[in-house]
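**Student:** Sequence:
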Amino acid sequence: MSVKVAVIYYSATGAVHQLAQAVAEGAEKVGAEVRLRRVPELAPAAAIDSNPVWRAHVDATGDVEVATLEDLEWADAYALGSPTRFGNVAAQLKQYIDTTGGLWQQGVMADKPATAFTSAHNLHGGNESTLLALYNTFHHWGSVIVSPGFTDPAVYAAGGNPYGTAHPAANGAPEENVLAAARYQGARLTTFAKRLKGLAID
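No gaps in the numbering here: position 153 of the sequence shown is 153 in this note's numbering, and each next residue is one more.
Incorrect hints may appear among the rest.
Have a look at the derived ranges for each label pair, beta carbon to beta carbon [said to hold, decoys possible]:
#: 1; residue 1: 140; residue 2: 86; range: 18 to 24 Å
#: 2; residue 1: 51; residue 2: 160; range: 27 to 33 Å
#: 3; residue 1: 99; residue 2: 176; range: 31 to 37 Å
#: 4; residue 1: 74; residue 2: 132; range: 33 to 39 Å
Since the hints were derived computationally from the structure, they do not count as laboratory data. Bear in mind the structure is a predicted one, so any value in this text is a computation, not a measurement. Even for Gly, the Cβ is constructed at its ideal location relative to N, Cα and C.
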């Protein structure tokens, strides 16, 4: 019997998408069944087309399934990812979150472990505040927040963010140290999900 992890994210130019893939890999490595899902794009085509990298990413990830509320019902644990928008959650992911009221009233997300990851242009461009904003949602859902903390060398190697994996996009695509931290975060989330379900930990 495995645990089910939903990795739900929004990414404009690809960094958060790569982090999401790494979180999913980490969860799968320790035995989770994973759904990797993107939320719908809300930006107009003109805005996307104005940035060739944005357009290229949208076209390249068209085959990634779009998140639905059923994914939250299905999962035993959640990992949400968003780029930083003025120190806060991107509208695309926030719009998805704002549709969860019915599930919240039913207690669907309560008592399930949850974590978050992000990317801002600069190292101090709002990464931590975006993660904390996502954790506000988890508080309201009644979820169990599973941050990476300073619990593994991978966290230090990726810049030492105890709130969640964060990538400064000005440095280019996430390098292996950052992806390793994201994999660790996915594995840690899965371990807590197993504990909460009373499953054996490898």
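**Student:** Does each hint hold? Answer for all of them.
**Tutor:** Hint by hint, here is what the structure shows:
no. : hint                    : verdict
1   : 140 with 86: 18 to 24 Å : holds, 21 Å
2   : 51 with 160: 27 to 33 Å : holds, 30 Å
3   : 99 with 176: 31 to 37 Å : holds, 35 Å
4   : 74 with 132: 33 to 39 Å : violated, 27 Å
Against the hints set out earlier in the document, a violation occurs for number 4 only.
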